[in-house]
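Novice: As a plain string of letters, each chain reads:
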Amino acid sequence: MQSLLASFDLPLLIASLIKIVFLVFLVILPMVAYSVYAERRVSAIIQDRVGPNRTGIPLTLLGFKKDIQIFGIGGLLQPMADGLKFILKEDFTPRSVNTFYYWLAPCLTMVPALMTAAVMPFGSELDLSWAGLGAPFKMVIADLNVGPLYMFAISSLGVYGIVLAGWASNSKYPFLGGVRASAQMISYEISLGLSIIPAIMIFGELNLGKMSAYQDANGWLLLPFWGEGLSLSRLVLLVPIVISFVVFSISLFAETNRTPFDLPECETELVAGYHTEYSSMKFALFFLGEYAAMIIGSGLAVTLFFGGWSIPFGPWLSEWTGLQFHYEAGNTPFYTGLLHIGTFFAKIVGCIIFFVWVRWTLPRFRFDQLMKLGWLVFFEVALLNVFLTALLLWLVPLK
Amino acid sequence: MPTIVVQRPKLAWHEKIFLSGFLNGMRITLGHAIRTFKTLRGSKTVVTMQYPEQKWDESLPEHYRGAPTLVTDEHGRERCVSCQLCEFICPPKAIKIIPGEIPSDDPWAKVEKRPREFEIDMIRCIYCGMCEEVCPEQAIFLRKDYAITGTSRAEMVHDKEKLYEIGGVRAGLVNKWNDLK
Chain A
21 MQSLLASFDL PLLIASLIKI VFLVFLVILP MVAYSVYAER RVSAIIQDRV
71 GPNRTGIPLT LLGFKKDIQI FGIGGLLQPM ADGLKFILKE DFTPRSVNTF
121 YYWLAPCLTM VPALMTAAVM PFGSELDLSW AGLGAPFKMV IADLNVGPLY
171 MFAISSLGVY GIVLAGWASN SKYPFLGGVR ASAQMISYEI SLGLSIIPAI
221 MIFGELNLGK MSAYQDANGW LLLPFWGEGL SLSRLVLLVP IVISFVVFSI
271 SLFAETNRTP FDLPECETEL VAGYHTEYSS MKFALFFLGE YAAMIIGSGL
321 AVTLFFGGWS IPFGPWLSEW TGLQFHYEAG NTPFYTGLLH IGTFFAKIVG
371 CIIFFVWVRW TLPRFRFDQL MKLGWLVFFE VALLNVFLTA LLLWLVPLK
Chain B
2 MPTIVVQRPK LAWHEKIFLS GFLNGMRITL GHAIRTFKTL RGSKTVVTMQ
52 YPEQKWDESL PEHYRGAPTL VTDEHGRERC VSCQLCEFIC PPKAIKIIPG
102 EIPSDDPWAK VEKRPREFEI DMIRCIYCGM CEEVCPEQAI FLRKDYAITG
152 TSRAEMVHDK EKLYEIGGVR AGLVNKWNDL K
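Protein chains in written order, with our numbering: chain A, 21 to 419; chain B, 2 to 182.
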């Protein structure tokens with residue numbers, strides 16, 4: 021027993037626990053809540069409406085002149101009100117459902133979405149030597165060497181939640197939604213997986229943290245303008261990278277069931293799709309899982325193509341200002357560590373705004389069009405792109 | 002029968018793969034978003050009326066059909082003679098009248114009847130204005146009050162006192178009970 025306890029690396033465990041709590045409860049869940057708010061506000065302004073602008077901290081009740089309004093827009097407490105509403109609503113279980121699977125399904129959508137966050141490098145490293153802690157902490161919960169593989173493996177489990185929800189609800193619309201979701205997610209996982217192979221070939225690496233570090237030093241894959249990124253090879257390789265980015269991001273839309281591929285839950289045909297029979301917190305779990313998957317997906321896109329936590333032109337900025345903006349293993353100052361975390365989440369916020377923007381612009385695909393696009397276009401394009409990258413890497417090798 | 006063969010438009014490659022359509026759509030929505038966001042800052046909205054702070058009240062039209070009310074004439078006489086026509090015409094049966102007699106020593110004794118009780122259930126009322134239309138004495142009018150609220154069903158029933166309070170006085174219109182005219 022003693023030896024077993026001694027074999028645990030206690031500081032690592034505690035650090036991991038703190039990172040988990042920080043990432044899940046302080047970052048991802050609030051981000052999910054606020055991306056719902058962003059969805060409502062952005063959709064409103066796109067459609068020339070106002071959106072939820074009332075819910076705020078009622079400072080006027082406490083005698084202040086004005087309620088807090090950041091950027092001059094109100095309603096910033098709307099997510100809290102939404103959450104409270106979900107908690108207070110009646111949790112209704114229809115009599116005809118298969119109770120066990122009906123209860124299991126919402127968890128099965130939420131859990132994989134959060135589990136994938138484990139390998140997400142959300143910052144370079146945090147130097148806490150001023151607090152008496154020696155070695156800098158890596159800002160990733162699990163520094164796996166198979167990051168993207170783990171992510172795809174776990175996130176593909178998310179389809180079980182949707183299928184079970186559709187089946188266990190014992191109702192026709194959820195059933196159709198579940199069937200559509202499974203077909204769609206399985207088809208697009210192929211192009212999603214194939215599309216990142218060119219990126220992995222360039223990195224020569226499956227560790228997401230090292231990918232970010234590489235991009236920090238040598239230019240983002242889509243912005244190779246510093247370090248070794250200024251070589252001919254990287255500029256030529258932009259062609260397959262742009263193709264793979266386009267395929268990846270469109271597949272990501274399909275994978276997260278977002279418009280224009282939101283067939284599993286299209287309101288006009290299937291009421292609400294697979295979560296028609298759900299109410300209260302169980303419905304909220306589906307909602308959270310969906311948005312969490314969106315955030316994690318954006319995180320992967322950011323890590324692969326937009327340099328993860330790296331600040332654009334970091335090495336240049338360091339030279340120019342005298343402060344350190346780039347990552348140096350074991351020698352990154354505290355403020356840079358914080359800046360990197362901020363940069364990462366700023367990039368994710370940008371991605372989410374893009375998701376929302378696309379949703380309120382494009383009409384929905386028909387199901388056969390969706391399948392055709394996945395199997396007859398993206399699959400082939402992604403596959404050929406792998407060979408194209410190999411060819412280019414052979415013709416103009418990286419240093 | 003002459004037929005017209007409509008030529009299909011020739012699409013460029015970027016139109017075929019919806020690239021230009023996609024970019025155009027994104028541009029249009031972004032334009033709307035930015036324009037609306039600019040007007041939204043500082044809670045100043047151009048099109049949307051911020052209801053409790055801003056109201057239509059000043060620009061309500063004369064014929065606006067708000068809450069039905071009873072009115073008195075210039076002498077303070079209740080116009081209503083409790084003929085109950087409004088009670089019978091009311092489609093949702095929101096009106097309840099219990100007629101009462103005017104005692105012979107009253108200056109308006111020749112009118113003979115006035116309502117002892119007059120209740121309009123504002124939960125049932127559909128603001129159709131038929132009561133106003135049917136009233137031979139022009140005693141019932143639809144005023145411009147539209148925010149009728151209450152915390153119980155009983156509170157939503159307007160009794161005679163309340164109806165006269167909202168209705169107020171209307172001069173002229175019907176003068177047959179006036180000795181001087």
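Heads up, some of the hints might be wrong.
Claimed, not checked - Output of the computed footprint for chain B on chain A, the stretches with three or more beta carbons under 8 angstroms from beta carbons of chain B:
no. : region
1   : 315–328
2   : 380–390
Stated by the list, open to error - Keeping only pairs whose Cα atoms sit at most 30 angstroms apart, straight-line, the calculated DSS-like set for lysine-lysine is:
no. : chain 1 : residue 1 : chain 2 : residue 2
3   : A       : 392       : B       : 97
4   : B       : 97        : B       : 145
5   : B       : 17        : A       : 392
Claimed, not checked - Partial list, computed: chain B residues near chain A (C-beta under 7 angstroms):
no. : residue
6   : 21
7   : 22
8   : 26
9   : 27
10  : 30
11  : 33
12  : 37
13  : 38
14  : 73
Think of the hints as simulated: they come from the structure by calculation, not from any bench.
A virtual CB, placed ideally from N, CA and C, is assigned to each residue, including glycine.
Novice: Take the hints in turn and mark each one as holding or not.
Specialist: Verification of the hints:
1. 315–328: Since three or more residues must qualify, the claim that chain B covers the region 315–328 of chain A is violated, with 0 doing so at under 8 angstroms.
2. 380–390: holds (count 3)
3. A:392 with B:97: violated (67 angstroms)
4. B:97 with B:145: holds (22 angstroms)
5. B:17 with A:392: holds (15 angstroms)
6. 21: Status violated, d = 14 angstroms.
7. 22: Since the shortest Cβ distance to chain A is 9 angstroms, the answer is violated.
8. 26: holds (5 angstroms)
9. 27: holds (5 angstroms)
10. 30: Check passed: Cβ of residue 30 of chain B comes within 4 angstroms of chain A, closer than 7 angstroms.
11. 33: holds (5 angstroms)
12. 37: At about 4 angstroms, which falls below the 7 angstroms cut-off, the nearest Cβ of chain A leaves the hint on residue 37 of chain B intact, so it holds.
13. 38: holds (5 angstroms)
14. 73: violated (41 angstroms)
When each numbered hint is compared with the structure, violations occur for hints 1, 3, 6, 7, 14.
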